[in-house]
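2 protein chains.
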Amino acid sequence: MALKVVMGQRLLKANEQVAAENRTRFAGAGTLVVNLISSPGAGKTTLLERTLPWLRDKFRIAVIEGDMYSVRDAQRIAGYEVEVVQINTAGVCHLDAPMVARALEELSEARYDLLFIENVGNLVCPAEFDLGEDLKVALLSVTEGADKPAKYPLVFQSARAVVINKSDLLPYTDFELETVVTELKALNPELEVFLLSAKTGEGIKEWCTWLEKLTGRKQAASRSGTG
Amino acid sequence: MALKVVMGQRLLKANEQVAAENRTRFAGAGTLVVNLISSPGAGKTTLLERTLPWLRDKFRIAVIEGDMYSVRDAQRIAGYEVEVVQINTAGVCHLDAPMVARALEELSEARYDLLFIENVGNLVCPAEFDLGEDLKVALLSVTEGADKPAKYPLVFQSARAVVINKSDLLPYTDFELETVVTELKALNPELEVFLLSAKTGEGIKEWCTWLEKLTGRKQAASRSGTG
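Quick note, the sequences are listed as chains A and B, same order.
Under our numbering, the first residue of the first sequence is numbered 1, with each subsequent residue one higher.
Under our numbering, the first residue of the second sequence is numbered 1, with each subsequent residue one higher.
Hints are computed from structural coordinates only; laboratory data are not their basis.
Being a predicted model, the structure only gives us computed values, none of them experimental.
Any given hint could turn out to be false.
Copies of the same chain look alike in the list, so a pair counts if it works inside one copy or between any two.
Derived lysine-lysine pairs resembling BS3-like cross-links, with alpha carbons at most 30 Å apart [what the hints assert, rightly or not]:
no.	residue 1	residue 2
1	13	213
2	199	13
3	185	199
4	58	205
5	151	58
6	185	205
7	205	13
8	13	58
9	151	199
10	213	58
11	13	151
12	199	213
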């Protein structure tokens, strides 16, 4: 076990160096970078499908799709008139900063206002790898149950926002919304929490308005040289 | 990246050796060992809560609960009159064979007929670590969407059975059951597929009858010295 920990730390150090390079690049370009993390099937791609039509007329947007093998998510996003690059990790359970740096080389433009990175579906490992993003957003769907913050604390501690998705299924589950929000705020008092349904569109406006505000701030910081 | 792969292989080799020792021990004791793997929130613990009352009068049963930090699952299972040991992995994203070997030392009896191992909620990494089990069972809930077999093939290729859980929510989702079963069988033609609701109990009888048959076979093999 000791061997594993040592190697993990070395890998994380190398990752942090490339993440810092990515972050410098994003700051120079004024790009707000959002790293989306969740269990498989919590609705990351569907959330993007709802979000892109709201924001694509206001901002230059790109999407990096992380998946172990398939290109299904990138195929879905390609229909939304934004640039998309698929990273296939070939079995690796998370994205890392070097993978993102390589994906950036595939983008056709040097500057975007907003870059979404959809991580591999996994509530554990992606939380450990800084990609150089501005913020992590964790998705939790109401069908996953209310005990997830206690069981997977790192992702919720390190996120700026949590999207509680599939609100349309609330009437058919025993999901305790108030309990979850209380537990999330105990882990991370600064957390923004959005309740929405990427399927029906309920709550999407608040989420997109928040992203719009953050994207505008990042652009202003870049122009003033403080980004 | 090369470094990472090398270390992963060394770790897997060490794991395989302990897994083989676990397997020899289980064969000698005539214990059928079931390794339950799924995304967070797919319903592993609820499935056990439905399964244990069906089987506990017929067999000596123990449960090993894997979780990163919490003891919530073990607390739930402790109410079902079976022996339960919690493994906290302290942030590690999967169980490994040495963790299971240590948990076995905490069990009060030398022989059980049936041992359930509930892995950490993660559809990726647990599939790579042999624990010495007889079979892996992958859970997939209908709310996770029909694209999961294509996106996470290893777990479904290495499983003996897939439990498609939360059938009570089928009417409220666009889950394509036939497509999923077709894709699962393409990945793994030998796969047993159970559709059930651990919440309502629908389909539980078929699942428990199958486990009962396998447990009886393992006992018979142990008695005849072929296990």
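When Cα atoms must be at most 30 Å apart, do residue 213 and residue 58 count as within-copy, between-copy, both, or neither?
within (11 Å within a copy, 61 Å between copies)
Measure nothing new, just compare the shortest in-copy and cross-copy C-alpha distances for residue 58 and residue 205 to 30 Å and report within, between, both or neither.
The answer is within: 14 Å in one copy meets 30 Å, while 55 Å across copies does not.
Intra/inter-copy verdict for residue 151 and residue 58 if alpha-carbon distance must be at most 30 Å:
For residue 151 and residue 58, the Cα distance exceeds 30 Å both inside one copy (38 Å) and across copies (32 Å).
Within, between, both or neither: how does the pair residue 151, residue 199 come out at a Cα-Cα threshold of 30 Å?
Cα proximity of residue 151 and residue 199: in one copy and across copies (26 Å, 20 Å).
How would you classify residue 205 and residue 13 at a CA-CA limit of 30 Å: within, between, both, or neither?
Intra 38 Å, inter 50 Å, cutoff 30 Å: neither.
For residue 199 vs residue 213, is the C-alpha pair at or below 30 Å within one copy, between two copies, both, or neither?
within (23 Å within a copy, 41 Å between copies)
When Cα atoms must be at most 30 Å apart, do residue 13 and residue 151 count as within-copy, between-copy, both, or neither?
both (26 Å within a copy, 29 Å between copies)
Within a copy, between copies, both or neither: where do residue 199 and residue 13 come within 30 Å Cα-Cα?
neither (39 Å within a copy, 44 Å between copies)
Residue 13 and residue 213: within-copy, between-copy, both or neither at 30 Å Cα:
Classified as neither; 32 Å inside a copy, 50 Å across copies.
Checking an output row: residue 185 and residue 199, CA cutoff 30 Å. Within, between, both or neither?
Result: close both inside a copy and across copies, 26 Å intra and 28 Å inter.
Which holds for residue 13 with residue 58 at a C-alpha limit of 30 Å: within a copy, between copies, both or neither?
neither (37 Å within a copy, 52 Å between copies)
Can you tell me if residue 185 and residue 205 fall within 30 Å by alpha carbon in one copy, between copies, both or neither?
Classified as within: same-chain Cα gap 22 Å, cross-chain 41 Å, threshold 30 Å.
Comparing the model with each earlier hint shows violations of hints 1, 2, 5, 7 and 8; every other hint is respected.
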